[in-house]
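Between the sequences and the hints, there should be enough to build the whole structure, so can you do that?
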Amino acid sequence: MINLFLRRLMYAVPIAFGVSVVCFSLVYLAPGDPLQTILPSDASADTIAMVKAAYGFDKPLPIQFLKWLGRVMVGDFGQSIATRRPVVLEVTGALYNTSVLALFAVPIAFSTGFSMGAIAGCFPGKWIDRVLTGSAVLGVSLPNYWFGIVLVIFFAVEAMVLPATGMGANGSDQFNFLRWSDARYLVLPVITLSMVPIGIIARTTRAAVAEVMNQDFVITLRAKGLSETAVIRHVLKNALPQVLAVMGLQFGYLMGGSILVETVFTWPGSGFLLSKAIINRDVPVLQGTILMLALIFVATNLLVDLMQSWIDPRIRRT
Amino acid sequence: MSNAMTLPQHPAKEQAAPKQRGYWGSVLYRLRYDPVTVFFGCVVLAIILAAIFAPVLAPFDPYKESIIGRLKPMGWKGHLLGTDELGRDLLSRLLYGGQVSLLMGVVPVAIATVIGGTLGVIGGFGGRRVNTAIMRTMDVFYAFPSVLLAVAISGAMGGGAANGMIALSMVFTPAMCRVAETATAQVKNLDFVEAARATGAGTLTILRYHILGNVLGPVFIYASSLVSVGILLASGLSFLGLGVKPPTADWGLMLSTLRQSIYINPAICALPGVAILIASVSFNLLSDGIRSAMDVRL
Amino acid sequence: MENLSDRGGPAQPLLIAKDLRKHFKVKGGAPGATVRAVDGVSFTIHKGETLGIVGESGCGKSTLARLLLHLIEPDSGELVFDGDPVGEMRGISVNALRRQVQMVFQDSASSLNPRMPVRDSIAFGPHVHGKTKAESSRIARDVLVKVGLKPDLFGPRYPHELSGGQKQRVNIARALAIEPRMVILDEAVSALDKSVEAQVLNLLRALKENFNLTYLFISHDLSVVRYISDRVLVMYLGAVVELGPVNEIFSRPKHPYTVALLASRPSMDPANRIEEPPLTGDPPSPIDPPSGCRFRTRCQFAETVCAEVQPVLGQWNDRDSHIAACHMRDPASGHSRATEVN
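Residue numbers (the working numbering), protein chains in the order written: chain A, 1 to 318; chain B, 1 to 298; chain C, 1 to 342.
If you're looking for bench data, these hints aren't it; they were derived computationally from the structure. Here the structure is a predicted model, which is why all the values come from computation and not from measurement. Where a beta carbon is used, it is the ideal one built from N, C-alpha and C, also for glycine. A hint or two may mislead.
[Claimed, not checked] Label pairs and their in silico Cβ distance ranges: (1) C:F211 with A:L4: 51 to 57 Å; (2) A:R179 with B:L80: 29 to 35 Å; (3) C:E161 with B:P59: 22 to 28 Å; (4) A:S181 with B:Y263: 21 to 27 Å; (5) C:D142 with B:V114: 37 to 43 Å.
Below you can see the structure in the form of structure tokens.
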């Protein structure tokens, strides 16, 4: 197991390196002078000097990259151009708020999606399968930024039972679990965020379960006289590795892909930070946020990989 | 081989020849008997035609503003779907908006299919080193959540429709590459490819005659499923202000600007999202239908 | 294709394989660990004969077939086709070899492109070798007739619209389309029903007569090999253990492995059923084959010498000789039964 862990880690490290290269090169994507790309047109001389010093644009690219990487390794992502605060603080604060959403969205999405898919897969072709599969397609195709707005219209504008935006009564930007009244702010973003993963996981589970159902060993189990619940238990266990892979991806999306939903609800998470950084042309924050989110994504995938091989002995061998 | 020979005729051959359709013919044949797919195929067709013929179909000028006619309800003074926050006819803007939204969703998929598909076939058919070089590079881009990568790239490039399409192409290419690589590697190990090599055929000939035909199917299926994602992501980028610039009509951008007015006329504000949803669902179900029609094991 | 006709004269063997070797690296195994799939195999195939190769699954038969066509590059060894060394400056190129030697695979389904009508699969070979589209499809029609399939009925069909036997006929047609001199049949009839198998075997025999073909016939089925072969080569764990004329091998086998193989055939006489299998257990792993004689771990006559010295085959390039790589056949080996068994 340790051997396997090391081998997967060996695979993840170059990926993480590549990810940092991509994040670094984001500054150079736009044509023209990177300084102009980075800085807002009305930047003060002070800001220009600061950015120049931080980036060392006079040096050759590989040197610039290594210097940047060296600083990033010790947690120094530079300063936000907009707020002048260290990027690390901005990003970690935002990540905390995003993980609050994920903390609630993940169990809801995973359990709902898995149950929907499992039920549909156990009754392929029946009306319940059609209904569930149809809803799953709707979930997958849902523009969640629109769905968030619709929820706001119904529950905040029309019924006025839930707050439309923000995360606390007085515009706080750090979620407080101890304040019960803040829970109301969670409801709409969490529901919105869960819809797409529910659809994706339901579809994957449905496909995996239906596929396993067709395998010969299921006939053997039934021929042995196992009860239908026991058969289904076997089937679900065999379908799990495939579902787990998709769940890992979805976890990563929930951590990083919530940018649209956070923007709709002005939830001060990593996605919202990112969209602010884009509007403000705040490249250090942009780079830092994306790098952190991508690394979390890589780590999640590593974890899922390990869990999969723990469940599925066939993967463990290779 | 000039000497003629006669052999006893094979016994099991007096049956009538089945109607020859070819592979794609049989796919179409199966599609015709799938009402759901046919229906959503028609919806997709209608959406595309509506976007193309927007100049003919649109009842009003999509850019004509009206100070007194802002955010009017459906049916007001001939505005079937009402007016937006600047008093422009919403139906006309939705028709025109489809042009940009569909284009931004479909073009990146097409680009990614060509680039990613080519890289994937090369990676799957080439040696181990080529494969490692291509696939590990793709893995790096795969390590970003797709929305994030699209936002990051188009944001860093300064937004705009063209940059958005470039960003989305970069998001889809690695996924496309993986699909093509897997399909190629699977086909490559089948006996008929070895048989073709044994015939003395060169690599390019084998690729052209034996690999491509078998890889195109999975690639096409995957590309069709990406279109829906493409439309969703493209509208998402526009929603964040990374797509076309106002006053150009685009579903995502319209949703974003109308969003400010949900307290005045919520029903109108939600309409652009309905357009996105209908397009995305229809493309998705059409793609599902194509998949099951093509996925028949031979 | 007149230039491809007999060059070396009737006495020149069509194909000489000398000391062919192929070791595969073991993925994820100990560093340096290799599967010795083919480990020093030598034999000759003479013009117009059928050489049968038998052995258990995993003994390297199929790898050997692929080495002969350079579908897999051999690690070492020599191939001489009709007097010309293959892949060398003075000899013939691999491509030229592939034009004269064709192969039919076991899995009739996966050896045909599922997206191509079978007539196109057949026409592909001639087309590759420079024939025009029209010529190629005419050839495809001709060979379809020759393998007993009506071109108009079967030509336009896709592989999944054919039965196993029909598919294998198409595969044979595909091999014959470029007018080879030799055909390697790798378990070509093994996946077919017995009745269909017999039809295809008869077809193969007839085709051989008509086109002066030479066959290398690989199978694990002894009775099929006996039916079609002129000479037989027995393989065990990547090496040749016995080689000789078919009647000799079947009536007076020399190697204990061959004896065991023959004894493991079910008897047609119910009174004479096999009570105990003559061979028990699986063959040892080809990753780390036994020292000396590979068969010693399953051989009832194994002695110390068998573990120490690897027995040699002997005069493998002699057409009529019946030889076995066994110490009991070598009076000088020091095996206690070396003299009495002869």
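Results for each hint:
1. Roughly 55 Å separates the CB atoms of F211 (chain C) and L4 (chain A), a value that falls within the hinted 51 to 57 Å.
2. Taking the beta carbon of each, R179 (chain A) and L80 (chain B) are about 47 Å apart, not inside 29 to 35 Å as hinted.
3. Between E161 (chain C) and P59 (chain B) the Cβ separation comes to about 54 Å, which falls outside the hinted range of 22 to 28 Å.
4. A C-beta distance of roughly 23 Å is found between S181 (chain A) and Y263 (chain B), which places it inside the suggested range of 21 to 27 Å.
5. Roughly 40 Å separates the CB atoms of D142 (chain C) and V114 (chain B), a value that falls within the hinted 37 to 43 Å.
Checked against the numbered hints above, the structure violates hints 2 and 3; every other hint is satisfied.
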